[in-house]
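Engineer: Sequence:
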Amino acid sequence: MTVNDSPGTVEPPRPDGPVVIPGSMTMGLSSIRRGLLVLLAVPALSVAVALPAQAAQGFDLQTSRGGVFSGYAVGVGSVTFHNQSEFSVAATDVADRCGDDPNGDGAGAYLFVIVKFMDSSVPPLTALAYRDVSGCSDGIVDSGDKRLDFNRNVREVRLHLRECNDAGSTLQCSTNSLDNDVSNWKDNPRT
Numbered sequence: 000m001t002v003n004d005s006p007g008t009v010e011p012p013r014p015d016g017p018v019v020i021p022g023s024m025t026m027g028l029s030s031i032r033r034g035l036l037v038l039l040a041v042p043a044l045s046v047a048v049a050l051p052a053q054a055a056q057g058f059d060l061q062t063s064r065g066g067v068f069s070g071y072a073v074g075v076g077s078v079t080f081h082n083q084s085e086f087s088v089a090a091t092d093v094a095d096r097c098g099d100d101p102n103g104d105g106a107g108a109y110l111f112v113i114v115k116f117m118d119s120s121v122p123p124l125t126a127l128a129y130r131d132v133s134g135c136s137d138g139i140v141d142s143g144d145k146r147l148d149f150n151r152n153v154r155e156v157r158l159h160l161r162e163c164n165d166a167g168s169t170l171q172c173s174t175n176s177l178d179n180d181v182s183n184w185k186d187n188p189r190t
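Residues in the sequence shown are numbered from 0 upward in steps of one, following numbering that gives the first Met the number 0.
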């Protein structure tokens with residue numbers, strides 16, 4: 000393309016020749032047609048690709064005193080889905096609380112992620128996301144943002160807060176309902 004540098008002059012259009020607008024670039028009709036096609040195609044592509052921002056889905060879990068362990072656990076945070084197989088769990092507080100017992104209760108707070116795939120299969124306690132094993136009510140909590148990708152379409156996610164005793168190579172979790180709390184299912188709007 001050539002630039003017409005002479006201000007105020009307009010060259011008469013030639014048949015299938017360039018259209019010249021003063022102070023602009025010279026373009027042929029075929030260039031204009033290609034430009035219009037690109038302009039029409041770009042918004043269509045951006046609409047198809049752009050996904051609306053997805054709001055975080057919160058959870059607020061707490062086990063009860065009086066189960067196998069004398070203390071209790073708390074787990075607070077949210078789940079955000081990024082696509083069909085990937086999501087983040089953002090915990091603001093996963094903590095072990097013992098109340099009046101100065102020696103602790105022998106358990107820690109563990110937050111697991113449970114995933115339901117599109118075929119409705121639910122592997123048991125899919126992933127350990129957070130844990131507080133530093134001691135009861137010591138002010139130390141586990142928190143942060145953990146991104147998980149299962150390379151498989153995820154329908155829903157739920158969080159399971161458990162009181163467990165870390166016995167070295169095994170994790171001994173109480174099955175008593177007072178030592179467990181489970182969130183409702185968090186639906187993946189991307190599937």
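Just to be clear, a hint being listed does not mean it is correct.
[To be verified] Simulated restraints, written as ranges between beta carbons of each label pair:
(1) 143 to 54: 15 to 25 Å
(2) 167 to 83: 34 to 44 Å
(3) 64 to 152: 33 to 43 Å
(4) 148 to 102: 37 to 47 Å
(5) 174 to 59: 21 to 31 Å
(6) 85 to 177: 31 to 41 Å
(7) 117 to 166: 34 to 44 Å
(8) 91 to 183: 17 to 27 Å
These are computed hints drawn from the structure, not numbers from a lab.
Cβ atoms here follow ideal geometry from the backbone N, Cα and C, with glycine treated the same way.
Engineer: Decide, hint by hint, whether the structure agrees.
Structural biologist: Okay, the hints, checked on the actual structure:
Between residue 143 and residue 54 the beta carbon distance is about 20 Å. The supplied range of 15 to 25 Å therefore holds. Residue 167 and residue 83 have their C-beta atoms about 38 Å apart, which keeps the hinted 34 to 44 Å range intact. Hint check: residue 64 to residue 152, Cβ distance near 39 Å, so the stated range 33 to 43 Å holds. The hinted window of 37 to 47 Å between residue 148 and residue 102 holds, with their beta carbons roughly 41 Å apart.
Range check, residue 174 to residue 59: about 22 Å between beta-carbon atoms, so the 21 to 31 Å window is met. Between residue 85 and residue 177 the CB atoms are about 34 Å apart, so this pair conforms to the stated range of 31 to 41 Å. A hinted range of 34 to 44 Å holds for the C-beta pair residue 117 and residue 166, which are about 36 Å apart. The hinted window of 17 to 27 Å between residue 91 and residue 183 holds, with their beta carbons roughly 18 Å apart.
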